[in-house]
Amino acid sequence: MTSRLLSELVVNGESYGVAIAPQRTLLEVLREDLDLTGTKHGCELGECGACTVLVDGEPRLSCLTLAIEAEGREITTVEGLASETGLHPLQRAFVELSAAQCGYCTPGMLLTAKALLDANPAPTRMETKQALSGNLCRCTGYAKILEAVSLAAEGMGVRR
Amino acid sequence: MTIVEKPRTSVPLQAEEFAVVGKPLPKVDAEAKVRGRTRYADDLRLPRMLIGKLLRSTRPHALIRRLDVSRALELPGVCAVLTGRSLPIPYGILPVSQDEHALAFEKVRYAGEPVAAVAAVDEETAERAVGLIEVEYEDLPAAMSIPEALAPDTPRIHGEGEGPNVDRVAALEFGDVEAGFREADHVREDLFFYGGNTHLPLEEHSVLASWEAEKLTVWSSTQVPHYLRRALAKVLELPTGGIRVVATPVGGGFGGKSDPFPHELVAAKLAMVTDRPVKLTLTREEVFYTHRGRHPILMQVKSGFTGDGRITALSFKNILDGGGYGSFGAATTYYSGALQPTTYRLPAYRFQAVRLHTNKPPCGPKRGHGTPQPRYALECHLDKVAEDLGLDPVELRLRNAIEPFSLTVNHLRITSCGLVECIEHVVEASGYREKRGRLPRGRGVGFAVSAYLSGAGLPINFDETVQSEVHIKVDQGGGVTVYSLAADIGQGSSSVLAYVVAEVLGLQPGEIAIVTADTELTPVDLGSFSSRVTFMAGNAAIQAAEKMRDLVLEGAAEALEVDVERLAIAGGRVFALDDPERGLEWKQAVSAASASQAPLFTGGIYRTPELAGPYKGSGVGPSPAYSFTAAVVELDCDVDTGMITVDDVWIAHDVGRAINPLLVIGQTEGSVYMALGEALLEQQSFRDGLLESTSLFDYKSPTVLEMPEVHTHLVETIDPEGPFGAKEAGQGPLLPVIPAVANAVHDAVGVRIDEVPITPEKVLKALDLAGKGKLGRVGPKAMPEFDFREPRRVSPPAEALP
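Sequences listed follow chains C and B, in order. Count along the first sequence from 1, add 705, and you get the number used in this note's numbering. Count along the second sequence from 1, add 20, and you get the number used in this note's numbering.
Be aware that a few hints might be false.
With the Cβ distance kept under 8 Å, some of the chain B side facing chain C (calculated, not the full set) [as the list claims (entries may be wrong)]:
#	residue
1	TYR60
2	LEU220
3	GLU581
4	GLU689
5	PHE717
Think about it this way: if two alpha-carbon atoms lie no more than 25 Å apart in a straight line, the pair counts; the simulated SDA-like pairs of lysine to any residue are [to be verified]:
#	chain 1	residue 1	chain 2	residue 2
6	C	LYS834	B	LEU682
7	B	LYS794	B	SER426
8	C	LYS834	B	THR661
FYI, nobody ran anything at the bench for these hints, they're computed from the structure. Note that CB positions come from ideal geometry on N, CA and C, so glycine has one too.
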């Protein structure tokens, strides 16, 4: 049995004590130890973007991140995107425009888009495309996803 | 032309009368998806669960001389190891192709074929155990291409001896094709090759199996719970009633999760052997080897035309590269010929097709199943014919366009048909006529059309007399639950069920609970393939809902003392038509109904009408309705690099009626995307018997940066037999885009790429040839020698009818 490190991970504002084997990825620990299965895997090689989470607000591929690297940092997964007052504007826009078909790429898309809008509240279409270019989707042709990000940006702008 | 009598139906309601149908509503499962709460198969976990892993063949074609699992069994944490002998009963999706084993039996026929399986306490242990299994192979010469499969000295991949590795043949002739060619003013023949590609669902296949109290439960990422249960019953020798299959939400299917698979059978067997739940999730590399994707097809197209552009005869010869096993291939072979006549009035038509076995992962159904390849060939061929005749390619199509309510030359019944409307829309919206031949060099437009099934008219097995059955239960609190085996693969089938039931019952979709894709809880539906679910499950749901509406109205009529004919149901109320104030809320109406009409439980079914033509081989092609599509592609083709950038796609799709336009547009955009991937980038290639691309880096698919603007237009022809007039949307829109790209490349730079995918290398090679004064074309040069079967001769319907 590989030795494990007792660690504390802060995910969606909640603190979890976990024993982590050093070679385990953040993706594995989120899904298998913390039961946060909203984060998806599509390749385990950093190619598809399905496993994207936010680490200190930055999009990170959780399949290429060791869980122990994330200790002491703020991790946000799709489960932490909605607040007590309801869905995040991006989530609302994805629902409204049916930007999620099979839904498998959706968590990664949402978190990548959140990082974009947090840094750039009114991105151009090309800026949005560039931000999402590492997230593959096989269902939608990306059209409704781009529209949803734009709709969410407008909604968030109005709210400000 | 033969006219089909329009079925007599009640006058379709106008869209503005609907409360739900036709509205751009959210999907019923959308919130769970954006919250990350949708439970896909690999998200499931059970107490004491083991992890399963497969050992896969590293050889494309070999005899298994020795298989020693003893070291794997000795590894602590390993609970079971299986080999081919553990699961000796063959299976396959089609009754005619029961040629697969869950684990290879004495011989492997493609690299990646599962050979042994392990269940262990965790993934690491399972992986180590797989590495400890010893296999000795005796290699056989492998057939990795059509010419190699046809070579007389290639060992047979199935059966004994040598010779051409023929799996299936199909050959039909309608009318006198040779006479048609003789009468023609212009005869042209072309060769095309469509390379293989794969579905690449983002979700890797996954299955969880549990064996408790002599009962097997399997949760799987499958499009076909019904067929998976049949295969499990056969291979595991269990009564069908003792197996529960749950299709978990599918994270991308596109046809790639339509076969029963080794990993599913193996996980079930491992659960039975170990008496513990077993989960088996494929890696991305394994998904590539699991495949069942697009068949590579070599095609010869020949047509005859009159000088004014009327077709006199059309013929196709197709050679399909099928891979190591049958899968859906017998159907694919017929599909490679069946749907060409759905868009054009053909006086005579012939197709001869052969599917070969090769030592590659088996091909199967991918979006469009066997029809994108010949559609690409046909639409590129017609572009060339138009050029020969000096005709506008659009005009050529219009002069031969199939008409609504007619029979095709191969006896397919066309009902509603918006082909001409689709053509006119995309041509107008894109400015195709103004642009073609007039854009600067390097820029071009291309055009093509297509048609597709709204569900295969015939089931896979003869004992499947009902295509879809839907049940509805209303509880005492007024809650409505709909039960259907239809598997939601992201296309929105659960939402469609909610919309149509809500419409009939005067409720909102959010008030309808949907229970789907569980063989224990829901009545039969044959599966999410052939674009059948909206049409078939939708019709069954409407029937069940209408029966439920009648029960509730009967109960309300008694309570309100109003004649039932004078009652209406809408807006969550039952009320008197001539006195809308007089009525009951839905819940009160349900209460009244349960007093007199209980149980409040109804069912609806959908059976296809008799559609097969009067000939053997007519089982593939019939559908209760066909969708029609037209597309124009505008692109940039760099003459120095060969790089193609698609800027705009105009697409018009006859969907009958859009039950939810948002979802139909989503299907259309997704189809355009997948088509562009196939047209320009995606290809399955092999080296030394192994796949060259087994990662998403190597297997290039379009990202958001490669996607053009897609201008979608929906044409509504209100099909008389469709649910609220609807037809399919999930597959048809893929078809015209690929040839439209090829035709646009020709318009841009004057060369013909008669081979998909259209890569920069091929464009540069064709430009180079043209520059040297040769024919600017890249594509197959000859059909290999093959003695196609003499076609069975069938009279076209006009002659057959009195």
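Verification of the supplied hints:
{"no.": "1", "hint": "TYR60", "result": "7 Å, holds"}
{"no.": "2", "hint": "LEU220", "result": "6 Å, holds"}
{"no.": "3", "hint": "GLU581", "result": "43 Å, violated"}
{"no.": "4", "hint": "GLU689", "result": "4 Å, holds"}
{"no.": "5", "hint": "PHE717", "result": "5 Å, holds"}
{"no.": "6", "hint": "C/LYS834 to B/LEU682", "result": "21 Å, holds"}
{"no.": "7", "hint": "B/LYS794 to B/SER426", "result": "44 Å, violated"}
{"no.": "8", "hint": "C/LYS834 to B/THR661", "result": "24 Å, holds"}
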